[in-house]
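Visitor: Okay, here's what each chain looks like letter by letter:
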Amino acid sequence: MSRGPRTEITTALQRSRGWLAFGVVVRAVIWAAATGALFVALVALTDLFIPIPIGARRALLAVDAFIAAGVFGFLMWRDRGAAELPRVALWIEERVPALRFALVTELESGGAARFVAPGAAQPWPGMARRGALRVVAFPVAALIAAAVGLMVLPAGSVARAASPRSGDSVIRTALARVGVSVNRLDPLALEITPPAYARRESSRVDDPAAVRALPGSRITFVGRGAASGVRARVTAGDRSTLVQARQAGDQWRIELTASATPTAVALSDGLHARVVDLEPERDAPPAVSLRAPVRDSVLALPRGTIALSAQATDDIALAEAHFEVIVSAGEGETFTFRTLTLGARTINAPSATIVAALSLDAAKLHPGDVLHIRAIATDGNVFSGPGVGTSDTRVLRIARPGEADSVAITPAAPPDTNQSALSERMLIQLTVALKARRAGLDRRTLLTESHSVATDQARLRRTVGDLVFARLGGEPSGEERTPDQTDARGDTLRDLLARADRATNQSIQTLDFDGGETPVVAVNAPLLEAYNAMWDAGGALEQGDLEGALPHMRAALAAIERSRAAERVYLRGRAPDVVVDVARARLAGTEHGSSSVRTPRLPVDSARDALASRLSSILARAVVSPATLADSLLLLRVEALSDQPEFASALGDAADALRKGQGERATTALVRARRALAGPIIVRRSIAGWSGAGQ
Amino acid sequence: MTRAPAAMSEFVFATAQYGSGDWDSAPLLPANIIDSVARYTSIAVAPTGATAPLATPLALHFPLLYLTGHLPVRFSDNERRNLSEFLRRGGLLFVDDHNHDVDGVFHKSATEELTRVAGPLHDLPNDHPLYRCFFKFDGPPTTSQELNGWGDNLVHKHLQAVMAGDRISVLYSSKDYSSEWDYHPESKRFQSVDNTRFGVNIVVYALTA
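Line order of the protein sequences matches chains A and B. The first sequence maps to residues 231 to 925 in my numbering. The second sequence maps to residues 16 to 224 in my numbering.
Excised from the complex, chain A in its bound form (with noise of 0.2 Å):
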């Protein structure tokens, strides 16, 4: 099958369209390539007369990038006609008058018609890839301007204006300076390399007053020009050394390692000098929590496994961390120990979780033995630490045998307390149910079954007597055998108190029953309380007087119940206190000797009054040379870093100030340093009250 001669037309139009197209895009984005390198020249340009910041260099970047992307968009919109073809067919026609519009009628009447002869399209098929290239050629011309542009500026604004970097100070050329200035301190900038086990990127600083470095960081300073006679002095502390510059190219630099202590770098060049304060980033150690096992414990038998378990974590990060559990065995002054170390891992990662199983059968532990359990983290700090975390401990005993309470398995009588219940229970049920019949006994009958009743009551009352005597560990003889020693109840009582008082062996005064301070005494205060109900109870049922005798008797349960729901105390054994007679001692009888002088100890905070005068001395010196201003604020600061922070901070906000000329900044900020200084405000009265005087 042959191609017909609309195919052919078309085929040339399309081709055309693709011509003009492609001129189109290849314009629309050397202009803008154009427009761009010429943004950047001009950035450059202006950078060697004013030294552009680089936050304001980072945004005329953006704005030349945005510029860029206009022209090539607003290119493509005006000549977007390029990608139709019947504009084409027209762009064509305008071009070729002697088509008369057959190339459109062609494209409009859709090949119903020949009305283009092949012979009458050999003109045109060529004149849209001339025209193509024809238009890229004058923005072409203004890319190849602007690049020579940029070729004959210098590289150092070049490179500031097209990658804004912090740092790049010390590559801009300043026409403007040229054969003024001689001082290679300015501009200068500072390279911080941290040491590898942080992790960090290096970093570089414009212009640095103050900055932060892990000890251990690679602080390089670079300059402009020659190194000859470039020197920093290095002061930490007691500490000061001397290092030279080194020619790097066509800059001087100066290599430090950034030290644990605040450093202060004194730079200087001839008559030029400047203070640069090195402040250390600590690294704190890292921190470790013991998840597992929860709380101290006591174990009965030394069997089976405990789970351990404890999360660290670290401000940079870990390099190591592990379960140390010390086994401490013996008693008295006789101890033996080892040491196991359990779940040793290696980390690289700011937190981790560490685990392990103690297995107490491996461990062959005896009763008696202690664990002492803890989780110990170490990071990677190799400069000055390494840095060594530890948690919590916890502590395990291995239960001795005997020593824990013995349970009774075989079935026990009721404890005395329950029985005085039970019994006095059924007394009281005894005088209800006497008190019930009274009206139909003669009063001998009454007497003599209330008497029964009062022999119980007095036989229940010696039992609880007894009780309270045995739990003190005396004789049950203390109580009396005869009711008719009526007298005998307070001695009883008193010998009671007496009982307890020496039981609890806790002080030599008179026992405050009342109170019940002892422990002894507010776990028997109830049952003494039950006994001098029942002494009264049985007094009225020795007289019949059943009314008067139930309301001690309900007492006397009441309180023998609280006595079976109090909370028992056990009390342990403790080493005697031992009370020195100090008069004794002295062979001084009842004189007190009179304590030696003691000479108050000077204020702590002699430093304080230290800075304070060194701050007074700078700013003296600071009206007869202003200019070294800064640097003394600067040494100061790295001398008050540790004890002073706030003072230090704000001496490096008052140097900054006045290294960038804000005089009112500098003010405040040294407004504050005086304050740091002086502590919190103390009002006094500033007039005396009023003495009387006039009248």
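Think of the hints as simulated: they come from the structure by calculation, not from any bench. Every clue listed holds true.
If you only want the chain A side, here are some residues facing chain B, beta carbon under 8 Å, derived:
1) I556
2) S558
3) F565
4) F567
5) H602
6) R604
7) D622
8) T623
9) V625
10) V808
11) V810
12) D811
13) V812
14) A815
15) R816
Label-pair ranges, simulated between beta-carbon atoms:
16) B:H137 <-> A:V473: 28 to 36 Å
17) A:T858 <-> B:D118: 56 to 64 Å
18) B:R103 <-> A:A478: 42 to 50 Å
19) B:S159 <-> A:A629: 30 to 38 Å
20) A:V809 <-> B:N168: 31 to 39 Å
21) B:P144 <-> A:A530: 49 to 57 Å
22) B:T66 <-> A:T858: 57 to 65 Å
23) B:F205 <-> A:R630: 29 to 37 Å
No experiment lies behind these values; they were computed from the predicted model shown. Think of the CB as a built atom: it goes at the ideal place given N, C-alpha and C, for glycine as much as any other residue.
With chain A held as given, fit chain B onto it using these hints.
Guide: Then chain B, alone, in the frame of chain A:
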């Protein structure tokens, strides 16, 4: 019963109580030192000692804290904070290794904790004012535990200390004074030379330095 002294009109010998270990392993030592202070000085002294739990601010009421034990010393955060505050306020902490063993866990754990709280320990020169502030000594007096080969079988020539300026902040002993002085003061009459005299120096130094 532990109680804070109402006023510091008299010296109270305080034993530091910490959560781990056997802090009360020398129960008679306080009475013995109190007896010696009363016997040889005119310092107003309380007739009984006190227990100062390091986990509470009560420890800050005393000028001198005595700390001993056999078992590992692991301070809690509260104990560490209060002890640090106690030292910052000028208190003197007297630590004695009841094991008399520089390879023992008390020594290792206590020195580790003290280093963490107060700084590293250094040998105290034997001509330090501590040895001359009341009785005169040529250095720390030896103990029978040292001479009889207990513990590490060493006679320690120096005490150790953490200094706060020119003043002792922490006094550390590996000589086991806790065993040497842990007897009832009534038993002193059987000794030809009172071996607790150095304890008087420690008290006097704590009150006057």
